[in-house]
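Asker: Take the sequences, apply the hints, and build the full model.
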Amino acid sequence: MQQHRIIVLGAGYTGAIVAGRLAKQLHREDVAITLVNPEPDFVERVRLHQLAVGQELPHRPFSEMFAGTGVELKLATVTAVDAERRTVAVTAADGAEELAYDTLVYALGSGWNPQGVPGTAEHAHEISSRPGALRLRDRLAALEAGQSVVVVGGGLTGLEAATEIAEARPDLDVALAARGGLGDWLSDKGRQHVRKVFDGLGITAHEHTSVTGVEADRVLTSDGAVPAAVTIWTTGFAVHPIAAATTLDVTETGQIVVDGTMRSVSHPDVYAVGDAAQAMGAGDKPLRMSCASGTPMAWQAADAIAARLTGTKLPKAHLRYFNQCISLGRKEGLIQYVTADDRAVRAALTGRLAARYKELICKGAAWGVANPKLGLPTRPRRTLPQAVPVPTAA
Numbered sequence: 364m365q366q367h368r369i370i371v372l373g374a375g376y377t378g379a380i381v382a383g384r385l386a387k388q389l390h391r392e393d394v395a396i397t398l399v400n401p402e403p404d405f406v407e408r409v410r411l412h413q414l415a416v417g418q419e420l421p422h423r424p425f426s427e428m429f430a431g432t433g434v435e436l437k438l439a440t441v442t443a444v445d446a447e448r449r450t451v452a453v454t455a456a457d458g459a460e461e462l463a464y465d466t467l468v469y470a471l472g473s474g475w476n477p478q479g480v481p482g483t484a485e486h487a488h489e490i491s492s493r494p495g496a497l498r499l500r501d502r503l504a505a506l507e508a509g510q511s512v513v514v515v516g517g518g519l520t521g522l523e524a525a526t527e528i529a530e531a532r533p534d535l536d537v538a539l540a541a542r543g544g545l546g547d548w549l550s551d552k553g554r555q556h557v558r559k560v561f562d563g564l565g566i567t568a569h570e571h572t573s574v575t576g577v578e579a580d581r582v583l584t585s586d587g588a589v590p591a592a593v594t595i596w597t598t599g600f601a602v603h604p605i606a607a608a609t610t611l612d613v614t615e616t617g618q619i620v621v622d623g624t625m626r627s628v629s630h631p632d633v634y635a636v637g638d639a640a641q642a643m644g645a646g647d648k649p650l651r652m653s654c655a656s657g658t659p660m661a662w663q664a665a666d667a668i669a670a671r672l673t674g675t676k677l678p679k680a681h682l683r684y685f686n687q688c689i690s691l692g693r694k695e696g697l698i699q700y701v702t703a704d705d706r707a708v709r710a711a712l713t714g715r716l717a718a719r720y721k722e723l724i725c726k727g728a729a730w731g732v733a734n735p736k737l738g739l740p741t742r743p744r745r746t747l748p749q750a751v752p753v754p755t756a757a
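If you read the sequence shown in this note's numbering, its first letter stands for residue 364, the second for the next number, and so on.
It should be emphasised that the hints constitute simulated quantities derived from the structure, not laboratory data.
We put the CB at the ideal spot given by N, CA and C, even for glycine.
Treat each hint with caution, since some may be false.
As the list claims (entries may be wrong) - Each pair of labels, with its calculated beta carbon distance range: (1) A607 x R423: 29 to 35 angstroms; (2) T454 x G417: 40 to 46 angstroms; (3) P604 x R715: 40 to 46 angstroms.
Answerer: Right under this line is the structure:
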């Protein structure tokens, strides 16, 4: 009997969780799960600002993570998806090939977004990928004392990058340029703590500043030029462009539109998770691009796929937020508590305790990838006969 072919594209937090969680729930004789990723190791994206300042991160090879699970890792880069023919084009070390699927999980995530600002692509650094963080690490290591670093973007990534660099390299002149006020989405307590940490680390905050261009040695703003031996661009993420080139229903930004089970609203054999998908959370608001969104999306997708293939009850998860966890270097942190739809409330945890909390969250996220059922015992279920495709006659 032919196995049901499940292909998962991308092995970040969400893709790796889906693959591992499906392997725990479905009988190995009934399904063939292939995880496509260009790198052999799991990358902790939420720690890339640490990698950029020279800290060593744990080595997490997929060969160990998926040992004995039946998940096949294919080291390749995805180049196209044909949602009508149900095929994926990939390029591996031995050349290009086409993979056929019965169920596809699209988890290609996102990368940095230069936003069309002149000079950004040529002169700015990004820390949304491991290669980008490594390039930045080498550049920062080459800087002499007194040279300037400008982080563009006042969101979570920008705050974490600026404070990490300033703490690790107190000899550098670190600045952050934010379109709005510093931490303006946080509670009063949260904003005050960010300012306190910035002041303590000597970080200059250029607030309400629009960056209009990036040059080799400076950042151009609406208020003039800011010296920058190194510019780091953290103004948001852009999804991988492959989905927008398919017949899948996507948003204007290229995210795949999914229902409450993370299933494509246009192609029922395709699921999308993480930054690549637009899923609705509390208050009927789209979930933001984050690990906090992607992990429950991955759980929901894997459980829904397993339920449909085995004829069991579909899961109903309520996707909501509890807090925003921000590291401000290794010694300081901020845990901003939020409403279900991600709006800051008055309560916030700060200081060393918050830093420890954030560290536990990061460790827990990595542990959750290697333990997608969170350590709970699971008995694999057999798929329904109709879930297994019947080979077509030649």
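Asker: Please write out, lowest number first, the hints stated earlier that are contradicted by the structure.
Answerer: Violated hint: only 2; rest satisfied.
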